Amino acid sequence: MKAPLILEIIGNSLDDGPGIRSVVFYKGCPLSCVWCHNPESKKISGEISFDPKECIDCDTCLKLCTVNALSRKKKYFIDRKKCTLCFACADACPSGALSRVGKEMTVEDVLQTVLRDKPFFENSGGGVTLSGGEPTLFMEFTSMLLRTLKKERVHTLLETCGLFDWDVFEEMATLFLDAVYFDIKIFDSAAHKKHCGVGNEKIFANFEKLLILAEKKKIQVTPRTPLVPGITDTDENLAAIAAYLKKLGVKKSILLSYNPLWHVKTSKIGSEDPMGKNSDAATWMARERVEGCRNIFLGNGIQV
Amino acid sequence: MLIHNASADKARLSPTGLILHTLLKVMAANFNHRAALKRYLITPDGPLDFAIGIRTESGSVLSGIVSREGAISIVHGMPDNANAVISFRTDTAVRKLLGGTSTDQIYMILKNEARIDGSITYLNLFAFLLSLLIWKKQIAAMKKERNKAKKSLLKKAPNARRDLSDELSARSKSRLRCLKADRGVQYLDDPYLPDFSIDNFPRLKKFLDIHLTVKPEVCPEIPRLLTEWHRKNGFETDSNGRSWVPVTRKALAYKYLMENREPKIGEDSLIAGTTTSKRIGCPLYPEGSAVIIWNELITMPHRTHNPFDISEETRELLHNEIFPYWIKRNFREWVREKYHNPLCQQIDERFALYFNWKVATISHTIPDFPKIMRLGTSGIIAEIKTELEQEASIEKKATLEAMILCLEGLTAYSKNLSGQSLKDAAAEKDPIRRKELENIASICAQVVEKPARTLDEAVNSMWITWVGLHMESMNAGLSLGRLDQWLQPYFVADMEKIKSKSEREAYINHAVELIGHFYMRCADHFPLTPDLANFYFGGSSSDQAITLGGITPEGCDAVNDMTYIFLKVTEMLSIRDPNVNARFMPGVNSDTYLKRLCEVNLTTAATPSMHNDAAIISTLSEMNYDIQDIRNWSATGCVEPTLSGKHIGHTNMQMMNMVAALEMAMNNGRHPLTDWKLGPDTGVVERGDFKTFDDFFDAFTKQFKFIIDQSIEYNHMLAEAHQYLRPTALLSSLIGDCIQKGMDVTKGGAKYNSSGTAIIGLADVTDSLMVIKKLVYDEKKISFADLKRAVDTNFENNSALLALVRKKVPLFGSGSDEAVAMANRVAKWAHDYYGSLPHYRGGKYTTGFWSMSTHVAFGTLTGALPSGRQSGKPFTPGLTPQPFASKSLLDNIRDVAKLDPVNLNNNIAFNVKVVPAAGDAREKTVNDMFSYVKTYFDLGGMQIQLNVVTSEMLKDAMAHPENYRNLLVRISGYNAYFVTLNHDMQIELIERAEYGI
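Those protein sequences? They're chains Y and H, same order as listed.
Sequential numbering of the first sequence, starting at 1, is according to the working numbering.
Sequential numbering of the second sequence, starting at 1001, is according to the working numbering.
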């Protein structure tokens, strides 16, 4: 079974579904959105992160590296072309400035972690959310996880970009899902390909099939649209999405306010910031702008 | 008795020593030749004789001050029979004292740059005399320090964040509604009482404003009247030279006090009687800690933290008439004299290891209010008289007669109140108020002598009794108990007589207002704290704990109408005292009730504190107490359980710094800060004496045992002092079994007896032991000697090791079962050892893990620890995990809940700081809070207390206190106004982990 690397499991989340939830973040995603708030989740394979703020200059790592990949003179400290990902430096780093991105975990490992918080799920109407990255890249793993969670009577929620094989998804996941947060990011497929790496036809097709299935299987499906300045937050895009949702009879949607704090993450994994040139990208959205976006949906009879 | 050098070596004096000596000579000259000053050396009882030594360790400073027959002389060397010697480490320290602010001076004592051997009281007398000369400078220095601090804060945060302070005050605008769910709620349609707000009660609003504005004033009424009586009738012996039986002596003096104290009806109050003669007063307790403020008689109104006003008249009275009379007749000095300044007392007075509360008081109990409301003093006296008819020893007879005397005194006071009410009514112009006063007069004619019949009579009966108890025991920790249970029958009886809906609504309104008046009456006094206490118990008021909800003695749901009325008043007033606690029994009390507790915490930001009845009852069941009495438990002072009306638990017997034992184990019995080889030899780290982790754990427990043994020895000595100096017959008449046994509570007359500790530093000790076990022994990543070296140098040259210990070892609260097991191991050892010790009243010593604010003070006095905590930083409050233990609050909650309740029989304080999301609806926020608390209780957690406030708000409040004068915070067990706390405590609160909801 193809098992994902797990980025982290965050407990006590109040923002990823109803109640108090534990969120499992998978590593790996079929899309590559320029605004991705978790850029370290794009690549499936493991990486090393370096956070200069935590570094205490003890030089432990420099002494351990056998391929000379580390240097304070380098822009991101690690020369990722030389690095063999042996992780010796990350494991030895006392302060955690160097750390592994992505941990090997079995289904049992994940369950053991999340089920500790089961009493909190019960009292708050919460549960477990699968996110990342893209959990549907690892259908078998995800299916086993969801199946066991349902056996434990835990509420399950999937956050997905929607790009998956429908038949496999229907067979392996839908039986064990209570809710889905489905990303509807950009209406125009060409623009979607430009900013996310892939066109949106399959995504929208999956969405429509899911809505039909949801009625029968009692799954709560909620579309989510991230508000990204200059890219998704245009009136054109939002109006198109709102109309589309209205046509499908969707009554409720989620708009994700833009959070500029993700920018520091790209340098930690040695990537250039894909939105680095965009000045809007560094600031929080003005309240009036967010209100404006909400109104577009409210005007179409969709609660946000 | 103390250090004594026969001859001084004048040539060894340093320049500082010479300067000091000269200054002292100047001081002496001033006193000897200026009549205005000289008179302070002689009191009506005779001259104030004392001898004080001032020195440095090396002898570079070595001077003595001797006051004899009204004249001061300065000598070289230590004076013979010095009452106290103050020793400085270095010359620099002396200069610092001379030039420093009062805060500097306090820190010097705390941090061992100076230490006091001998009587603090005499030293404080000397300090008072000194302040007579330099008070202008002292006050200017205090002002300067205050302004400097303010300036620096304003510099960092010049603009007040009105958005934050407005958000806080806006919380009371939003109110949830509910559907009645509790069986015991009979008359409230919506028990949340959403239509009531402080705006409906203008009088309460006025009282609140006074409370937040008026400076408390020192009130000498108690010692004045007691001293008056004693001067006529003697203390040790009566006017015929016969020895007084202590309980009789005290009861007679008490009765005199009660008959002669000023009967006051507080302005606009619905409740008769006041704790002091001042609007907001600090009562003085001469057998306790009154004399300790001698040095602050002039400067007290000007100190930065908790200043108290003091009139010229009071100052003169205290110095001339009162303090000299009681200078040896207080608990601390009585023990010092009898036991010759024993080691256990010396350790206490170094402040770094433990603090025994009996130097000030016992208090900390719940009187049998239902009894006095039901029977009145006449009924209780009748019961005592019946008991007296039986065969009895002399002591038993004396004790019973003493109880009668005290009850008669209390009755006399209530009659005086009745008379005063009528006088006030006659002089009152406002007809409404006149009617109220006439009503009060007839209430006081009925209570406390006879049974209470209505809610108004019950509340007055309770309050007058409360005042009476405070005339006998210090206003520190005496607690009110299950008022919702005890007042509900009167509420119901009143309601039954009212038939119309509108009249019932008016009556509910009246009940809310009456309880509001009661709360504000409780806030009419403040404990007298020396400046030093501002660092230990900063911001603490009297901590009169009220306990709501839970289950009845029969095990049924106890939540009733009064429970919700009390919660409403708590929410509206949002004051630090009474200290409101709520009991929740999982499976019995409703979610509606628990949600209301969470809502009140949200609105007030910090109260009530919440207790899991199942856990508390389970831990108390270890004691062979009657299960019905266990179910009737009330929180006392901070959080500790007392079996209401039948139990002297002295639940705050001591604050114990457990971390000191760890430090001493690492230093073979030497306490680092005080540089004192106090404890036994248990092994030297550098020598490799600890072959295994268990060897070291063993050493830790040996050191802890030593410290505990010393503290208990002191406790027993102080208990003796209480039995001699201040038996409490009134309290005894209101505590179950004292009458049948004919025994005062100080001797063990109560049905149940115990003493409770507060053990500080569980999380810090656990984390440190984990580092030692994992890194040194299990993983062998570092030698113990290297670790110790890093600790001794405050990790200054070892940032890699510091990072390692902080990040790579599982902490308590991070979700690590191993760390929880370690915490349990430590708590169990403490519980088992304390529980094995013989108790002078025949009960047990219990172990609690809460800290008031001593986690800050003790932290200041402790060096770096293996856990990575650096020198001088606070410990965690109570047993709360480190702020960085986990990003998820749930890990904290689960780990604390996993602690075995058996070892926590004096309760715990688990602090959680939550931050409501700005956009969220009231209901969602309350539901989130509810989810945490409910689950925590489901998992077996014993107690939880919240701070619902952001660090941003707290930082803004530091710089702009005027916008936050009523911002309530939970320290560790008690509430305080954030703006009254000292700097270190404010920072500790700011640095607590906060979790968004």
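Don't read these hints as lab results, they were simulated from the structure.
Incorrect hints may appear among the rest.
[Unchecked claim] Cβ-Cβ distance ranges computed for the label pairs, FRET-style: (1) H/L1179 with Y/S279: 48 to 54 Å; (2) Y/C86 with H/S1951: 55 to 61 Å; (3) Y/T66 with H/K1898: 39 to 45 Å; (4) Y/E291 with H/D1104: 39 to 45 Å.
This one's a predicted model, so the numbers in the text were calculated from it and none came from an experiment.
The beta-carbon is built from N, C-alpha and C at its ideal position, and this holds for glycine as well.
To see whether the hints hold, each was checked on the structure:
no., hint, result
1, H/L1179 with Y/S279: 48 to 54 Å, "holds (53 Å)"
2, Y/C86 with H/S1951: 55 to 61 Å, "violated (40 Å)"
3, Y/T66 with H/K1898: 39 to 45 Å, "holds (43 Å)"
4, Y/E291 with H/D1104: 39 to 45 Å, "violated (54 Å)"
When each numbered hint is compared with the structure, violations occur for hints 2 and 4.
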